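K.L.:
Assemble the complex: chain A is given as a structure, and chain B must be docked to it using the hints.
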Amino acid sequence: MIRVMLIWLMLALPAQAEKVVAGLSEEDIGITASFDGSTVLLYGAVKRDAPEPPGRLGVIVTLEGPMQRVTVRRKSREFGIWVNTGKVVVPEAPSYYAVASSAPLERILPPALDALENISLPLAMRAFAGPLGESDTRPYAEALMRIREKAGVYQLTRNPVKLVQDTLFRADFELPANLIEGDYTARIFLLRDGNLIDRAERPIRVRRVGLERFTYMMSQDRPALYGLMSLALAVFAGWAASAAFRMLKR
Amino acid sequence: MQIYLPIAEISVNIFLLLGLGGLVGLLSGLFGVGGGFLITPLLFFIGIPPAVAVATGANQVVASSVSGVLAQFKRKAVDVPMGLVLMIGGLTGSGMGIYLFNLLTRLGQIDLAVQLSYVVFLGSIGALMLQESIRALRRTRRADAPRTKARSHNWIHRLPFKVKFRASGLYISVIPPVLVGMAVGVLAAIMGVGGGFIMVPAMIYLLGMPTKVVIGTSLFQILFVSAFTTLMHAITNQSVDVMLALLLIVGGVVGAQIGSQLGAKLKAEQLRILLALLVLAVAVKLGLDLLLMPGELYSLTTGVPR
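As you go down the protein sequences, you meet chains A and B in turn. Position one of the first sequence corresponds to residue 1 (our numbering), numbered consecutively onward. Position one of the second sequence corresponds to residue 1 (our numbering), numbered consecutively onward.
No wet-lab data here; the hints were simulated from the structure. In this text the structure is predicted, and so the values were computed from the model without any measurement. Every residue, glycine too, gets a C-beta built ideally from N, C-alpha and C. None of the hints are false.
Facing chain A, from chain B, some residues (calculated, C-beta under 8 Å): (1) S64; (2) V66; (3) Q109; (4) V242; (5) Y298; (6) T302.
Next comes chain A alone, as it looks inside the complex (with noise of 0.2 Å):
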């Protein structure tokens, strides 16, 4: 009996001491023929039950879009021109990702924490891992962070988290006009001195609506209609053109 209820308070204790809710402000964002991108709020809050423990406390939020198997591919002079001669696959990459912390992230993450999570570009990107066909990855890895920090949609440092007497906090996100759409995670982690204390996830739905969803899906599910419908709109206008032309010369 006094073994049992000692296990429940090592379990509910230290665990139950601090936890995180986080809101978005949007959890599905639309992509319309205008879209021309979008901010996504993340605000949350530290709840406790019992008075602030010592310690520093720490909020990291990142947000992780879908995966893509990404090809890097290097150039080099051959007979005087440049060719794309090596190259690397890297299998799974976000397609977006941002990080946001309250302090530095090399100050408040742990590297064992990191290596847990994948919480910093480099492990989010999973472009490290190993040799793939290549001796050496590692420029490939750094040429696919440097050209995706380049587009925008790898973002490191633009947007801390604010960090409001050690209780309420919020991270802006600005996602580019080059957005992919798919399934979009958020991931809150609260940590206390370098120690995970806890951890909370929200997704967020992209997708294309209206006519973007209606021509892409239609250019997926049926290439041949489609690309009847791209000649006739095509012949249509060309006559239309020819017509107007005459119509107009007289």
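P.N.:
This is chain B only, laid out in the frame that chain A set:
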């Protein structure tokens, strides 16, 4: 105002696309060319993925050749049997071109192949055109000097399967036109062009067709081959972006009208020199991209999202 392109999966300024279509339409109205050879590289420059640029370029060529071929039919300037023979070659060539395109895409060399073919073809055609139009300009100054007649190629007349083409006034073997059509079909699939700039000289100098039916007949072939190419790209790669094509076509329609009115005010020789210089400029730009060290040595290709 931005628009999200459903297949290219990027957001582009709507006026940039209308302007691009308009510019190319203006040039096609001005010079009587399809403009596919300009629209595809311009789409590369604004960041449209090459596969989408080539497939959508083919779709745009369909629109511009429809209005052209209708006008030519009214003038009875289309040799339909010859057009059909060229088309049979063109469809075969386009099929081979699509296969080659997909193979090169898998190997990661499609950008290089497209750029190289642009440099080679635009460079040589542009140089020839420039030389020819400078000579023509000198000739008009010297007042009607005798025009050199296209030489009849004896080996062409000895080939089998001879057919009579009444509108062209020719009795020749179907093999050379099939081969010309095939070569143009391969180029159409790989470069996203109509191929008129190759076919027109080949029809005049190789087949010996009269100039008055050349434009109409080549447009006839281009219409069917580019329609087939569009369809094949849509089916095998899902890379035709109808939204992008529509914007380019709308811009092109307006541009073509302005172009043809502007063209009536300029002299033909001056126009040809301008076109030659333009073609050479595109070739040089693409050539430099291959020769100079690129700013970013690495490039990314994404597969199917999971």
